[in-house]
Amino acid sequence: MIPLSYYVAVSTIMFVVGLVGVLIRKNFLIILFSIELMLNAANINLVAFSRHYGAIDGQVISLFIITVAAAEAAVGLAIIIVLFRRKAVTNVDELNLMKW
Amino acid sequence: MVELLFFIYFATLTIVSSILTIGLRSPVYCSLALLSTLLHVAGLFVLLHAEFIAALQVIVYAGAVLVLYIFVIMLLDLKTAEKFLHKQVGIAIFFGVVLIFEILIGLFQSPLFSSAPETGPITEDTLGNTAQIGIALFTKYLLPFEIVGVILLGAVIGALVLAKKVPAR
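Read top to bottom, the protein sequences are chains A and B. This note's numbering puts the first sequence at residues 1 to 100. This note's numbering puts the second sequence at residues 1 to 169.
Calculated directly from the structure, the hints in this document are not laboratory data. Hints should not be assumed to be uniformly reliable.
[Said to hold, decoys possible] Below 25 Å or equal to it, Euclidean Cα-Cα: the simulated SDA-like pairs (lysine to any residue) are:
(1) B/165 - A/94
(2) A/26 - B/15
(3) A/99 - B/88
(4) B/165 - A/75
(5) B/83 - B/32
Isolated chain A (complex conformation):
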């Protein structure tokens, strides 16, 4: 039986990697990948605690997270396609249309 804290450690590292990915990359798609990494880290946490406490609720909520991540991917990719059609860039630094 692997202690709960090992899973929490893995999910912490994965979350911070996703966070750093959002901060350092310029490509719009890779930023979406990083968001997926963060959502997956949250999933690991939820399932590990669900196992730890012997309750099924964490797994149900991670199912909802997977659903919301799929919805987010669909809408985010649609936004990327529209942006690419208008300006032909995926660099987030050049997308300053709504910048104040």
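We have chain A; now place chain B onto it with these hints.
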């Protein structure tokens, strides 16, 4: 012991391929690294006796979401930029490492560290993992389940409306 070995394998590969996901240059390689991450996370779910979530992870994430990403990468025909990293990369990595160590030190000092399970593992003698999730989903979590359905509908409509060709004026 075997369980620990499998855990070490899956955890190491998860972390390494997630770092590759944000570190590689070409978006195609990044998406393949993300695929490897997702599959190894599914392995972690199997180790946690969450078989249904593991299968869902493989089918929905690796099967559907990632294929969508790869479709878009192929569709856009992205040029790999020469400078693909933001100029704040040094400070971001520094604070990321600091954040990891801070959380890990807090975690290993907390009573959570190497604590035994509260009530033992989920009993699987009467009902399987999928049956338990199904029962919870249709009794206790019925309203969130319906709301997630509406979210998916909204995502479908939103994606269609956004990606539709604008008629030339």
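Problem set entry | Violated hints, by number in ascending order, as checked against the structure | Nothing - there is no hint that the structure violates, so all of them hold.
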